[in-house]
Amino acid sequence: MKGWLLAALTAILLLAGCTEEPKSSPAKAAETVPLGELDLVLSRDLTLQNAKESSLSSFYKDVLYVYDWKDRGKLKVKVRTIDNGDRFVMMQLRNATNEPLSLKANVQQSKANDYYFINWRRDIKERKHDPVIGNDVTTPPSGLLRYSADGRFLYEAVVSKQYQSAVKTQLYENGQQSTVRELTAEKETLQHKMDGFSFSLEAPPNQLAEQWFLLAKEPLFKNGDGLSSWIDFQHAHYKEVNNWFTVDGAIKKLPWSIEPFTKEGYGRHLGTLIEKEAIDRYFKYGDRYFYDLMVQSAANLLEYRQQQKSTVWKTEYTSTWLKQKYEITSPYLDTRHNELIALYLYRIGKEFDKKELTGALTDYADYLLNLIKIDNIIHTPKGYLPADYYSAHQGKQFIHTSLNHALGEANLLIDAYKATGQKKYLLAARQIRLGVESLGTKWIRPNGDLWYQVNRDLTFDGNDYEQLTLDDLERHEKKWQALGGSKSRMLQTLIESKRKAIQQ
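Here the sequence shown is numbered in my numbering, starting from 43 and rising by one per residue.
Think of the hints as simulated: they come from the structure by calculation, not from any bench. Watch out, some of these pointers could steer you wrong.
What the hints assert, rightly or not - In silico lysine to aspartate or glutamate, EDC-like type, Cα no more than 20 Å apart, as pairs: (1) LYS305 / GLU260; (2) LYS229 / GLU260; (3) LYS103 / ASP125; (4) LYS356 / ASP267; (5) LYS396 / ASP417; (6) LYS94 / ASP104; (7) LYS264 / GLU228.
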């Protein structure tokens, strides 16, 4: 056993009872899904309807298995094979009856004579109620399993909790819809022994049950410190990580201001479809687990965009705040989310020479230029500011621009110019910069902090983020100067005022 594992087992609870047990026989009429040297055995009489291969990037290949269960329900199993040989497996059992529905899933192997389970649980304080999202009750995966034979590494597995949910949909007169999930339960169903691990998919009446696991051909973490740090981060910064992967992507807790309304609303949130922390950790530390999460994130984003038949990423659930103020319903474009997605995909694509990812930068930059052309902007004394949101079905055109969004769009356009040399991006970035500057000290509130947004009539309102906008201001100045431009006295005034307000 390697030294890092011993260190990890000292710091992390190691479950007892990992002794060899007799191998269980597959249930009669079981279906088997191949997972390389392993098999996923489904202990029910299922009928395979379809097995479809697809891939939007050389980073991964998907095979989606769809099973029918005698009119009682449907099972989907997506096997995502990453280019390093590791496999994400996402499972979804849909119950179409008024009775509970369950099936057993076993990952079987026969070579191991030793294994360990590292529990990812932490004894932490109860999460405080969040004023925006309420309570997110989802928790990190159950833990990490390592199997070996005579001291020789075989494979590792990370296994999630199970999520039971109901699909809620709101239809609109324009033919569009808003879709969210109502979480009804998170369950721990993992069982493990020498010949593999198993869990039961248990779907309540007319609901879904979903679970995922990752199989790794090599150790996922270089050392115990890296593993322990990640476990701690998942618990301490639970808003920034995904616990719930599905056949259609990652699902995260949504704000209460959604339609259809539910306090337990979850959905595909564009801000967390990017595994920002995992991606940053991969580039810093190089751990295999972070590489797998990075590819998972990129794949989910590419698949999401293809499902919407779009070159950008549109939010698929309605914000009641946007609906009430601007008559916007889903799907709609959030400029900040798209900016961050495009930048992360470009970063990954540039590192690994993946054109299908680097193209996200100019795809969104061109989309932004088109929004400017159709006047989805706020006109300022000089220049303009792109509106924060856009929908082809929006009723009112008086959408605001927040300072952080405007700076983010200008920074993205500068990056697009640097990547392509096309002056159209630089010219637009300059107009946004002029738009911010031309409003001058009106951005500054009486207390020295900055206003969050400017409206179409050039009035200001809203409480600004504590740190985010300051970072955006400083980043914009650095990018502008790197192009040979000079510092802006007005932007420096905003920076100094914001910094002093934070320090008070």
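Against the structure, the hints come out as follows:
1. LYS305 / GLU260: Distance of about 40 Å is beyond 20 Å: violated.
2. LYS229 / GLU260: Violated, at roughly 28 Å.
3. LYS103 / ASP125: holds (8 Å)
4. LYS356 / ASP267: violated (38 Å)
5. LYS396 / ASP417: With Cα atoms ~33 Å apart, LYS396 and ASP417 exceed 20 Å; violated.
6. LYS94 / ASP104: holds (8 Å)
7. LYS264 / GLU228: violated (30 Å)
The earlier numbered hints that this structure contradicts are 1, 2, 4, 5, 7.
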